[in-house]
Amino acid sequence: MPNITKHRRFVATAVAVTLGATTLAACGGSDDDGEAQAGPAKLTYWTWTPGMDKVVDLWNKGPGKEQQITVTVKKQASGDTLVTKILTAHKAGKGPDLVQAEYQALPTLVSNDAVADIAKESGDAKGKFADGVWQQTTLGSDAVYAIPQDIGPMMFYYREDLFKKYGLTVPKTWDEFAETARKLKKEEPEVDLTTFSANDSGLFAGLAQQAGAKWWTTEGQKWKVGIDDAATRKVADFWGGLVKEGAIDNQPMYTPSWNKALNTGKQIAWVSAVWAPGTLTTAAPDTQGKWKMAPLPQWSDSENVTGSWGGSSTAVTTDSKHKGAAAKFAAWLNTDPRALTALAKEGGIYPAATTAQTSDAFVQPPAFFSNQSDFYTAAAEIAKTTAPSAWGPNVNVAYTIFKDAFGAAAKDKSDFGAALKTMHDDTVADMKKQGFEVSE
Amino acid sequence: MSSLAVRKAAPAAGTTPGTAQGPPLRRRIALVPTLTLLLGALYCLLPVAWVVIAATKSGSELFSTFTFLPGSGFADNLSDLNAYREGIYWQWMGNSALYAGLGAVLSTAVSAISGYALAIYRFKGREAVFSVLMAGVLMPPVILAIPQYLLLAKADLADTYWSVLLPLVLSPYGVYLSRIYAAAAVPADVVEAGRMDGASEWRIFVRIALPMMVPGLVTVFLFQFVAVWNNFLLPYIMLSDDEKFPITLGLFTLLEQGANTPALYTLVITGALLAVLPLIALFLVIQRFWSLDLLSGAVKS
Numbered sequence: 001m002p003n004i005t006k007h008r009r010f011v012a013t014a015v016a017v018t019l020g021a022t023t024l025a026a027c028g029g030s031d032d033d034g035e036a037q038a039g040p041a042k043l044t045y046w047t048w049t050p051g052m053d054k055v056v057d058l059w060n061k062g063p064g065k066e067q068q069i070t071v072t073v074k075k076q077a078s079g080d081t082l083v084t085k086i087l088t089a090h091k092a093g094k095g096p097d098l099v100q101a102e103y104q105a106l107p108t109l110v111s112n113d114a115v116a117d118i119a120k121e122s123g124d125a126k127g128k129f130a131d132g133v134w135q136q137t138t139l140g141s142d143a144v145y146a147i148p149q150d151i152g153p154m155m156f157y158y159r160e161d162l163f164k165k166y167g168l169t170v171p172k173t174w175d176e177f178a179e180t181a182r183k184l185k186k187e188e189p190e191v192d193l194t195t196f197s198a199n200d201s202g203l204f205a206g207l208a209q210q211a212g213a214k215w216w217t218t219e220g221q222k223w224k225v226g227i228d229d230a231a232t233r234k235v236a237d238f239w240g241g242l243v244k245e246g247a248i249d250n251q252p253m254y255t256p257s258w259n260k261a262l263n264t265g266k267q268i269a270w271v272s273a274v275w276a277p278g279t280l281t282t283a284a285p286d287t288q289g290k291w292k293m294a295p296l297p298q299w300s301d302s303e304n305v306t307g308s309w310g311g312s313s314t315a316v317t318t319d320s321k322h323k324g325a326a327a328k329f330a331a332w333l334n335t336d337p338r339a340l341t342a343l344a345k346e347g348g349i350y351p352a353a354t355t356a357q358t359s360d361a362f363v364q365p366p367a368f369f370s371n372q373s374d375f376y377t378a379a380a381e382i383a384k385t386t387a388p389s390a391w392g393p394n395v396n397v398a399y400t401i402f403k404d405a406f407g408a409a410a411k412d413k414s415d416f417g418a419a420l421k422t423m424h425d426d427t428v429a430d431m432k433k434q435g436f437e438v439s440e
Numbered sequence: 001m002s003s004l005a006v007r008k009a010a011p012a013a014g015t016t017p018g019t020a021q022g023p024p025l026r027r028r029i030a031l032v033p034t035l036t037l038l039l040g041a042l043y044c045l046l047p048v049a050w051v052v053i054a055a056t057k058s059g060s061e062l063f064s065t066f067t068f069l070p071g072s073g074f075a076d077n078l079s080d081l082n083a084y085r086e087g088i089y090w091q092w093m094g095n096s097a098l099y100a101g102l103g104a105v106l107s108t109a110v111s112a113i114s115g116y117a118l119a120i121y122r123f124k125g126r127e128a129v130f131s132v133l134m135a136g137v138l139m140p141p142v143i144l145a146i147p148q149y150l151l152l153a154k155a156d157l158a159d160t161y162w163s164v165l166l167p168l169v170l171s172p173y174g175v176y177l178s179r180i181y182a183a184a185a186v187p188a189d190v191v192e193a194g195r196m197d198g199a200s201e202w203r204i205f206v207r208i209a210l211p212m213m214v215p216g217l218v219t220v221f222l223f224q225f226v227a228v229w230n231n232f233l234l235p236y237i238m239l240s241d242d243e244k245f246p247i248t249l250g251l252f253t254l255l256e257q258g259a260n261t262p263a264l265y266t267l268v269i270t271g272a273l274l275a276v277l278p279l280i281a282l283f284l285v286i287q288r289f290w291s292l293d294l295l296s297g298a299v300k301s
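Going line by line, the protein sequences match chains E and B.
With the first letter of the first sequence counted as 1, position 88 gets the number 88 in the numbering used here; the numbers rise by one all the way through.
With the first letter of the second sequence counted as 1, position 4 gets the number 4 in the numbering used here; the numbers rise by one all the way through.
Derived from the structure by calculation, the hints contain no laboratory data.
Hints are supplied without guarantee of correctness; some may be wrong.
Claimed, not checked - Cross-link-like lysine to any residue pairs, in silico, SDA-like; alpha carbons within 25 Å at most:
#	chain 1	residue 1	chain 2	residue 2
1	E	Lys290	B	Ser64
2	E	Lys345	B	Tyr84
3	E	Lys42	B	Met139
4	E	Lys42	B	Glu243
5	E	Lys290	E	Ser370
6	B	Lys154	B	Met139
7	E	Lys54	B	Ser64
8	E	Lys54	B	Thr65
9	E	Lys260	B	Glu256
10	E	Lys260	B	Ser58
11	E	Lys54	E	Gln67
12	E	Lys266	B	Thr65
13	E	Lys94	B	Asp242
14	E	Lys54	B	Tyr84
15	E	Lys74	B	Trp162
16	E	Lys61	B	Glu86
17	E	Lys42	B	Asp242
18	E	Lys260	E	Gln288
19	E	Lys42	B	Ala155
20	E	Lys74	B	Gln148
21	E	Lys260	B	Thr65
22	E	Lys260	B	Leu255
Chain E extracted, bound-state conformation (with noise of 0.2 Å):
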């Protein structure tokens, strides 16, 4: 779909044009018809969440006919290109009442004006999430611009069997990981480890963000885009060491030979996320119940940290003439606990509410996990030592330069410390190019 990405960049950058593109300090979202008013109100929400119309049907059943508020789902595809359909919509004032958000969706939302502060509504919420979950709908400030739905804390996936078979131990640091995939490489050349991919640039985003990277931060009035920093070098230059050195393979994910290869047992193991179980059950079928999650790798052994890959929130648009019950709406899907439950039982969402993470829906593991017991109980664990993430109002932007450069850095097998230049150096001129003031 090189098309669409082409075309939204280009309307992402006409929106921020035409409105003005606002510096951080200019973030604050239009509050005046805000509280007041709950319902009676109909609102629309797009979302990509499936069962997503079962969990609001018990809104619209229960407290929302009490409050003569409902609520109807239009199902979207998820993506970058959602962010630009909100963005069109907004800018025609067309935009639905309540968006479904990943977090490093939202400082570009916000720049442009298209979500809504809704610090006044969202109430007791605040107190339901971890604080590194909570600051990303805050963007640092003192406004709230969405409430937290589902999170992806990242953890390491391997093979049980096959690790027994030639004879590894489940890695704890990085250096460890890197001497497994050596170790595996030399007596099963025929195999590998894992992969680095290219195409999905969470994966990279949450590994610099395990390593302490911030990406965008604000000085005064100013971004500052550390995309470059020592953090992400070093995550760059290990993962591109790997790949010339031949430890471990290039080909992407995602592709019908990538699941061939963890459902043969050509490669076995998987940095992902909490929400792996439900990649592999359709990538390796033949593989259930041989897997293990471990907590991901760590860069010192001291340390005890991880990052996050996805998730996403629901946010409140400034186009609705509703904020006041769309808050409502929103709050209680991500904190009721029978939203909670029917959202991971229809959605198969991994909660960000940490109560939920250890309620009845999360006492068995996964059915393609049905070996690990304490999946879930381990996942909380993971899940707590999140470290905190810094999005920017292009992470769009950054993430397409990323699978550009890091993709052909990964096929030739070059330096992607040089990839890593070329995405900071070109995030960088995109801020500029869309009216924001960078500091150097």
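We have chain E already, so just place chain B on it with the hints.
Structure of chain B alone, referenced to chain E:
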């Protein structure tokens, strides 16, 4: 002419099996062009074969068995697709048929009347109008999707069936093709004769010119139909209610379900296979109209 001598001199060329002089002594197969065509056909048909075979595979067979080995899950895939969200797939199919069918009919009608007018009548600004149309032909419709959305949103038509149909009605390429075709197929003498006999301009167009233009219009209709059937960006921007989605958008939402939900590959592949069947059927049915040649109904000069 001296075709025999020529052929003897250069037998390798062998690309002119028949001449005006009568059939050649022996039909020879032109090797290079035939091979090229076969390769081209293979190139086009291989992905189709992949879709057909992949649609027969169950989820566990899809990525694990040999690519061109048929699987055992076709019936299950069909019933899964049928059951997915209470059969919303068929709603998408119906929507696509509506957008493509009605859209192509409307657009062909507009193309026919404008192409005819541009070809037959001489009026001030005719060339200017045509130049603008030519510019329109060169403009990829993708560029217009966003402005069209903003316009239709102003008219409160976004997220309606009209928002997808209206932008399709004027097809610069269709008008261009109709004008070229009308200029070639409808002789000025015929129009003049109609006027002499006292027919109104409308009657001349409908009763005399239109039948002559049919093969060209069939082409316009087919082009439009296929273009709308495969269209993605315009409905993507216009529609937010997935009950109004055409098949392309519907299948896209099955693929992009968010990171924590696996893409429904088997459903998408089976859905894609079913979605090309109407196009194939349409081509087979309409093909015979193309055999009508330029002579049908025209004057001999």
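Worksheet entry | Holds or violated: Lys61(E) to Glu86(B), with C-alpha atoms at most 25 Å apart | Judged against 25 Å, a Cα distance of about 21 Å means the pair holds.
Item to complete: Measure nothing beyond the straight line between the CA atoms of Lys345(E) and Tyr84(B); if it is 25 Å or shorter, mark the hint as holding.
Response: holds (17 Å)
Worksheet item: Has the given pair, Lys54(E) with Gln67(E), been kept, meaning a C-alpha gap of at most 25 Å?
Response: holds (19 Å)
Worksheet item: Do the alpha carbons of Lys290(E) and Ser370(E) lie within 25 Å of each other, as the hint requires?
Response: Holds, because 9 Å separates the two Cα atoms, which is no more than 25 Å.
Worksheet item: Do the alpha carbons of Lys74(E) and Trp162(B) lie within 25 Å of each other, as the hint requires?
Response: holds (18 Å)
Worksheet item: Does Lys290(E) pair with Ser64(B) here, judged by a C-alpha cut-off of 25 Å?
Response: Between Lys290(E) and Ser64(B) the Cα gap is close to 17 Å, so the pair holds against 25 Å.
Practice prompt. Below or equal to 25 Å on CA atoms is what counts here, so check Lys42(E) against Ala155(B).
Written response: holds (21 Å)
Practice prompt. Measure nothing beyond the straight line between the CA atoms of Lys54(E) and Thr65(B); if it is 25 Å or shorter, mark the hint as holding.
Written response: Roughly 36 Å between the alpha carbons, so the hint for Lys54(E) and Thr65(B) is violated.
Worksheet item: Given the hint that Lys260(E) pairs with Thr65(B), does the C-alpha gap stay at or below 25 Å?
Response: holds (9 Å)
Discussion item. Hinted pair, alpha-carbon criterion (25 Å max): Lys74(E), Gln148(B). Please report holds or violated.
Written reply: holds (21 Å)
Worksheet item: Given the hint that Lys54(E) pairs with Tyr84(B), does the C-alpha gap stay at or below 25 Å?
Response: holds (14 Å)
Discussion item. For a C-alpha distance cap of 25 Å, please report whether Lys42(E) and Asp242(B) respect it.
Written reply: holds (18 Å)
Violated hints for the displayed structure, listed by number in ascending order: 3, 7 and 8.
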